[in-house]
Amino acid sequence: MATAAGEDIVFEIPVDEQLKSTEFKPFKFQGPFLLPHCGRRRRTNPHMRAFWGATLGFTFAFIGWFAFAPLLPVVRVDLGLCDNNAVIQLLPEDERVEACVCKKQCKSTIASANIAAVSFDVATRFFLGSVIEKFGPVKTDCMLLSFGAIVVSISAFIQSGSQLIAARFFVSCLGSTFVVNQFWNFIMFNNKIIGTVNGTAGGWGNLGGGLTQVLMPAIYALWRSFGLSLSMSWRLSMFFPVSLYVVLVAWLWFCTQDTATGKFQISMLGKTRRAGFSDYIRVCMDYRVFLMIMQYSACFGAELVFNNVLVSHFVDNFGVDLLSAGALAMCFGGMNLFARSLGGVASDWASSRFGMQGRLWIHFLSLFGEAIFLFIFGCIDKSTGGWPVALVVLIFFSIFVNMSEGTSYAIVPYMIPQDLAIVSAVVGAGGTLGAVIATWAFYKYVQDSLLPFKLHACYVMFWALTVPLMRWETLGSMWHNPAKKLVEAPAAQKEEPIAEEQPKHAVEEAQL
Numbered sequence: 001m002a003t004a005a006g007e008d009i010v011f012e013i014p015v016d017e018q019l020k021s022t023e024f025k026p027f028k029f030q031g032p033f034l035l036p037h038c039g040r041r042r043r044t045n046p047h048m049r050a051f052w053g054a055t056l057g058f059t060f061a062f063i064g065w066f067a068f069a070p071l072l073p074v075v076r077v078d079l080g081l082c083d084n085n086a087v088i089q090l091l092p093e094d095e096r097v098e099a100c101v102c103k104k105q106c107k108s109t110i111a112s113a114n115i116a117a118v119s120f121d122v123a124t125r126f127f128l129g130s131v132i133e134k135f136g137p138v139k140t141d142c143m144l145l146s147f148g149a150i151v152v153s154i155s156a157f158i159q160s161g162s163q164l165i166a167a168r169f170f171v172s173c174l175g176s177t178f179v180v181n182q183f184w185n186f187i188m189f190n191n192k193i194i195g196t197v198n199g200t201a202g203g204w205g206n207l208g209g210g211l212t213q214v215l216m217p218a219i220y221a222l223w224r225s226f227g228l229s230l231s232m233s234w235r236l237s238m239f240f241p242v243s244l245y246v247v248l249v250a251w252l253w254f255c256t257q258d259t260a261t262g263k264f265q266i267s268m269l270g271k272t273r274r275a276g277f278s279d280y281i282r283v284c285m286d287y288r289v290f291l292m293i294m295q296y297s298a299c300f301g302a303e304l305v306f307n308n309v310l311v312s313h314f315v316d317n318f319g320v321d322l323l324s325a326g327a328l329a330m331c332f333g334g335m336n337l338f339a340r341s342l343g344g345v346a347s348d349w350a351s352s353r354f355g356m357q358g359r360l361w362i363h364f365l366s367l368f369g370e371a372i373f374l375f376i377f378g379c380i381d382k383s384t385g386g387w388p389v390a391l392v393v394l395i396f397f398s399i400f401v402n403m404s405e406g407t408s409y410a411i412v413p414y415m416i417p418q419d420l421a422i423v424s425a426v427v428g429a430g431g432t433l434g435a436v437i438a439t440w441a442f443y444k445y446v447q448d449s450l451l452p453f454k455l456h457a458c459y460v461m462f463w464a465l466t467v468p469l470m471r472w473e474t475l476g477s478m479w480h481n482p483a484k485k486l487v488e489a490p491a492a493q494k495e496e497p498i499a500e501e502q503p504k505h506a507v508e509e510a511q512l
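Residue numbers (full-length UniProt numbering): 1 to 512.
Some hints here could point you the wrong way.
Distance windows between CB atoms, simulated [stated by the list, open to error]:
1. Trp479 to Ile150: 49 to 59 Å
2. Phe290 to Val389: 33 to 43 Å
3. Trp349 to Asp286: 19 to 29 Å
4. Met268 to Ile150: 26 to 36 Å
Rather than coming from a laboratory, the hints here were simulated on the basis of the structure. Every residue, glycine too, gets a C-beta built ideally from N, C-alpha and C.
Go ahead and model the full structure; you've got the sequences and the hints to work with.
Printed below as a string of structure tokens:
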């Protein structure tokens with residue numbers, strides 16, 4: 001039994017003295033999760049509701065955020081962007097549509113749209129830390145999803161390439177639900193399990209990117225089966241994510257709460273005021289935060305790029321039909337089901353044995369493996385194994401990508417604990433910044449269909465090699481573990497010796 005707000009509340013899972021859950025059991029809850037029981041249940045089971053609210057918010061956000069990506073082979077035809085009159089098979093044999101193998105101006109327009117699809121998200125993620133501190137996780141998620149619903153609805157009526165770019169730019173704000181996803185769990189779960197929790201929440205959220213690759217072409221094909229035109233079919237498909245947002249916003253508003261006790265307060269972070277612009281500058285000036293921003297750009301940025309290009313890559317380079325290409329792309333996103341969690345679990349395990357040193361080694365190996373398999377993917381075409389070999393390599397690449405994301409946010413809580421919201425926001429912004437950098441530098445202007453992947457692999461490898469540079473006086477580095485030395489405990493503002501038999505991960509918790 002735990003006391004909260006002057007009342008005795010029996011939580012459904014064990015909590016610590018800060019009322020943070022000490023267990024992560026996402027499928028353990030009592031009673032219905034639905035609206036009629038929300039008032040009572042959200043007070044006794046706020047932790048798992050927060051986890052599912054954060055996870056579903058990010059999952060559904062992906063569906064609207066990247067709704068255009070798997071439909072681009074037909075959208076570019078409808079908008080008249082094609083450079084030629086090539087005919088490729090986009091649907092089963094009984095239904096072929098005229099399409100284009102994108103070259104020159106068409107490729108430039110699509111690449112610009114892909115860059116726009118992550119650009120606005122960089123800005124909104126960067127400043128979302130202050131927004132969360134002001135409104136709390138629940139209201140912030142509701143605002144983002146509501147705005148997304150409006151923009152996705154409007155995007156169904158675009159008529160040109162420039163309007164496609166504008167629509168994808170504004171809808172990218174949905175990606176900022178990731179910051180809420182990670183921060184909400186930070187304030188709900190104990191630090192010993194935060195790597196596992198955030199890895200799972202982020203991974204299952206990212207799974208929305210894979211689901212989008214299958215759902216949107218399937219919904220498009222469904223409308224086509226009713227005899228609707230190509231244009232009307234893809235436009236009606238855009239209202240599917242809108243319907244998801246309407247339902248989810250209602251559930252978040254009535255059935256979840258910011259913290260175990262109710263509304264979020266800035267004092268929970270050990271602060272007396274909300275973050276200002278100077279705080280963002282100060283945080284980003286910490287070289288470890290800067291390196292983590294760029295390392296996250298190398299993993300999450302790569303995932304965003306692949307969400308944009310995979311379906312078109314399989315259609316244009318391997319002659320796969322639209323629905324099959326969506327299914328193949330789903331295999332990339334499907335690894336989110338376990339791989340990001342695997343990264344968090346591996347980081348927590350390494351921390352329990354080797355402290356921060358273990359977390360950094362797992363992080364480095366994940367980024368290194370990602371770079372290797374991305375380069376190999378860029379070597380595969382029809383003459384070197386075709387799509388089956390590309391799919392196998394893609395799966396291994398996806399596993400390392402998602403593990404890298406999980407290991408990144410297992411380290412984030414130890415960066416600058418009192419500025420957790422800001423660090424979470426700017427690192428998240430780094431992820432989408434990585435997609436902007438890679439798309440502009442490697443995919444927009446390079447005409448070769450495989451060279452961009454190889455160049456992108458070099459970018460990932462470069463930032464992987466910066467992990468050994470990260471070092472904390474009290475936590476150590478890849479090469480040093482100060483587990484038996486004195487550590488500074490910020491909360492107590494004094495030094496206490498670490499007992500010989502004390503677990504090494506206690507060094508990290510003292511820093512928090």
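>> Verify the CB-CB distance for Trp479 and Ile150 against the hinted window 49 to 59 Å.
In response: 51 Å, holds
>> Please check whether Phe290 and Val389 have a Cβ separation lying inside 33 to 43 Å.
In response: Cβ of Phe290 to Cβ of Val389: about 37 Å, so the range 33 to 43 Å holds.
>> Given a hint of 26 to 36 Å, does the C-beta separation of Met268 and Ile150 actually sit inside it?
In response: Given range 26 to 36 Å: holds, Cβ gap about 32 Å.
> How does the Cβ-Cβ distance of Trp349 and Asp286 compare with 19 to 29 Å: does it lie in that range?
Replying inline: The hinted range 19 to 29 Å holds for Trp349 and Asp286, with Cβ atoms some 27 Å apart.
In summary, the structure agrees with every hint in the numbered list given earlier.
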